[in-house]
Amino acid sequence: MVVRAMTPLTIKTNTEDHFIAKLAAIAIVLSIIEFFLPSPIPGVKPGIANIIILYTLVKFNLQTAVWVSLIRVFVSSILVGSLMAPTFFLSLFGAISSLIFLFIFQKLPKKYFSVISLGIIAAFGHILGQFFIARIWVIPHDSIFNLLPLFLISSLIFGVLSGFITDTLLEHKTNRLPN
Amino acid sequence: MKKVLPFIKTVKLGDVLIIFMLMGLIIFIINKSWNTPIGQYLKIEKNNEPPKIISLNQIKEEEIAGLLGDSNISIVDGKARFSKAPCTKKYCIHQGWINKVNQTIVCLPNQITISITDGSESYDSVNY
Amino acid sequence: MIFRNLIFFLIIFLCGCGQKDRVYQYKDYIFGTIIDIKIYGETENKSKQITNLIFDDFQRLHNYLHPWEKSLISDMNHAISTGKSFIIDDAEIIRVLKENTELSQKTDNFFNPAMGKLIALWGFHEDNIKQSIPSSSVIKDFVSNMPLMEDLTITNNTVSSKNKKFQLDLGGYAKGYALDRAKIILQNNNIKNALVNIGGNIIAIGMRGDRNWIVGIQHPRKPSAIASINLLPGWSIGTSGDYQRYFMMNEKRYSHLINPISGFPSANSQSTTILIPPSKNSGVLSDVYSKPLFIAPTEIKIEIAKKLNIKYFMIIQNDEKILISNEMNKVITWIDLKDEKGITVY
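Chains as they are written, first to last, in my numbering: chain V, 1 to 179; chain D, 1 to 128; chain X, 1 to 346.
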């Protein structure tokens with residue numbers, strides 16, 4: 001009788017994976033904090049996890065940002081118990097649309113555009129994605145477009161803020177991740 | 001003043017351009033959608049059902065069955081609001097009264113939308 | 001490049017979700033009434049082309065059927081009033097005459113297209129209503145020898161009548177007939193979704209995209225709708241109301257809906273609305289069958305509805321109370337109803 005030694009399952013990870021994991025962990029925590037924050041206007045959230053996505057994009061690359069973003073969406077949905085609920089899809093499509101917008105605009109000349117522009121574009125993309133999916137799936141009536149101005153204003157304000165915060169983070173922690 | 005300084009240092013010309021472009025877009029949309037008169041009818045929409053339209057010119061408590069349960073809509077003095085809702089956060093109730101054309105309250109969890117119309121778009125044709 | 005992308009994506013996001021399937025709408029003024037045709041889900045070219053076919057056909061009907069302007073029917077009326085027979089070389093018109101006889105008999109002559117002279121006496125055979133009440137002796141005399149559709153003899157293509165007072169007025173039939181014609185033309189041209197409104201009588205063809213066509217029902221005393229209804233594919237809706245053609249005298253309302261028994265305008269209701277399920281002549285029925293329900297005395301209205309197999313009806317009485325059939329009550333959505341106590345459901 002041959003007894004085979006059980007080898008422990010190991011996944012080889014590289015430094016990039018570690019960065020992704022750390023960044024995603026921070027984004028998830030921020031998402032969950034935001035989930036429990038009271039909001040003065042329904043549906044209007046600051047999207048603080050966007051800061052991490054922006055940080056990742058500038059510090060690393062778009063591919064890493066995609067990973068962090070998607071991990072954040074799935075894991076935080078599982079943790080707050082909304083996986084596969086309408087809010088999950090709103091969140092997912094918001095994130096995807098935000099990444100698409102970042103993909104288009106990531107090559108903006110650094111000379112004229114700071115990370116604040118990216119923050120606005122990410123927030124704007126997020127809200128457009130959510131509206132798109134909300135219109136075709138969650139509330140299939142045109143009446144929800146009446147809410148668009150409100151969400152656009154909030155995306156502008158929070159976009160500027162998140163861009164600015166990202167910028168400060170990038171300046172202070174030049175080579176290390178915040179622990 | 002010191003706190004604003006790093007912000008000003010960060011902002012670049014292109015950022016300002018993008019901010020103004022978005023502000024222009026927002027103002028354009030607001031002008032189009034919110035600058036509207038007081039409406040005559042309330043449109044109640046449930047997922048994938050034709051809208052139900054009732055007059056605002058009455059005192060009424062309307063009960064609508066949604067995804068989670070019954071939502072109540074009050075109509076008084078030409079205004080409407082959600083007065084009862086089965087959802088947990090009750091955002092729809094906190095939104096308060098609406099009476100201007102295109103004003104809308106969405107109850108996402110219960111999938112009921114109410115909006116004000118002037119009556120012209122509520123049907124395709126009139127039988128007389 | 002970036003900005004081209006930006007614009008491209010804005011277009012996708014802003015229009016992609018906001019755009020509706022187009023409905024093309026066309027209006028024309030024929031039969032002394034407004035015709036309103038909406039076509040869904042076709043190209044603009046085709047919609048326009050088919051609508052013009054319909055308008056042309058309506059113009060043809062107008063030239064045949066108009067009760068007081070120069071038309072085939074007014075020529076026939078003239079011949080009959082002088083005791084002559086009249087030759088109609090058109091199978092369609094002969095069919096129309098026969099259908100009117102049949103419908104008039106079915107409704108116990110409450111729908112009586114043969115009493116055009118009485119309508120004219122009341123001054124309703126003019127574009128601007130005369131606003132005068134005929135003397136009661138004239139009316140009595142007319143009613144005592146009331147011309148009926150049975151008085152019309154049709155042999156092959158020759159029509160004649162022994163009653164010289166016979167004068168055909170298809171005002172309560174033509175709009176419904178036009179609806180059925182419109183339906184045929186739309187179907188022959190493979191248009192699946194449309195809504196045709198001829199002076200208030202409406203037929204639904206198909207749907208408006210993923211929802212039914214929605215039709216408002218006019219409030220008889222307000223410039224708005226009292227209710228709305230989902231008009232299912234193939235269904236027709238018709239209303240007879242005292243608010244369309246009428247005149248006021250000494251604060252009393254005189255409408256063009258005249259009771260053939262009394263010779264006076266019927267005054268027991270403000271409007272009657274009926275829904276007719278899909279059938280070959282549902283347009284005609286929605287037009288014709290609303291008349292007896294409006295004109296007949298209140299006591300026998302329900303009985304008449306039963307006899308004519310009208311399952312969906314709503315009668316707004318003169319005292320503003322509403323009589324509504326159980327079936328109708330299930331499909332109607334009230335828009336402007338202050339007091340639901342005023343409703344009686346049958």
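Take these hints with a grain of salt, some might be off.
[To be verified] Derived DSS-like pairs (lysine-lysine); straight-line CA-CA distance at most 27 angstroms:
#	chain 1	residue 1	chain 2	residue 2
1	V	K110	D	K9
2	V	K111	D	K12
3	X	K341	D	K60
4	D	K79	X	K341
5	X	K222	D	K52
6	D	K60	D	K90
7	X	K192	D	K52
8	V	K110	D	K89
9	X	K70	X	K222
10	X	K321	D	K60
11	V	K107	D	K12
12	X	K70	D	K52
13	D	K100	X	K222
14	X	K321	D	K52
15	D	K9	V	K59
16	X	K330	X	K341
17	D	K52	X	K311
18	V	K45	D	K89
19	X	K70	X	K27
20	X	K311	X	K280
If you're looking for bench data, these hints aren't it; they were derived computationally from the structure.
So, going through the hints one by one against the coordinates:
1. K110(V) x K9(D): Holds, because 14 angstroms separates the two Cα atoms, which is no more than 27 angstroms.
2. K111(V) x K12(D): Cα-Cα ~8 angstroms, so holds.
3. K341(X) x K60(D): holds (14 angstroms)
4. K79(D) x K341(X): With a Cα-Cα distance of about 23 angstroms, the restraint between K79(D) and K341(X) holds, given a limit of 27 angstroms.
5. K222(X) x K52(D): holds (20 angstroms)
6. K60(D) x K90(D): holds (20 angstroms)
7. K192(X) x K52(D): Since the Cα atoms of K192(X) and K52(D) sit roughly 25 angstroms apart, the hinted pair holds (cutoff 27 angstroms).
8. K110(V) x K89(D): Judged against 27 angstroms, a Cα distance of about 43 angstroms means the pair is violated.
9. K70(X) x K222(X): violated (35 angstroms)
10. K321(X) x K60(D): Since the Cα atoms of K321(X) and K60(D) sit roughly 20 angstroms apart, the hinted pair holds (cutoff 27 angstroms).
11. K107(V) x K12(D): holds (15 angstroms)
12. K70(X) x K52(D): Status violated; Cα separation ~46 angstroms.
13. K100(D) x K222(X): Satisfied, since the Cα-Cα distance of roughly 22 angstroms is no more than 27 angstroms.
14. K321(X) x K52(D): Holds - the C-alpha atoms of K52(D) and K321(X) are around 23 angstroms apart, at most 27 angstroms.
15. K9(D) x K59(V): At roughly 20 angstroms apart (the allowed maximum being 27 angstroms), K59(V) and K9(D) satisfy the hint.
16. K330(X) x K341(X): Roughly 16 angstroms separates the two Cα atoms, so the pair holds.
17. K52(D) x K311(X): holds (23 angstroms)
18. K45(V) x K89(D): Holds, because 15 angstroms separates the two Cα atoms, which is no more than 27 angstroms.
19. K70(X) x K27(X): holds (24 angstroms)
20. K311(X) x K280(X): Measuring from Cα to Cα gives roughly 17 angstroms; hence the hint holds.
Violation of the numbered hints given earlier is confined to hints 8, 9 and 12; the remaining hints are satisfied by the structure.
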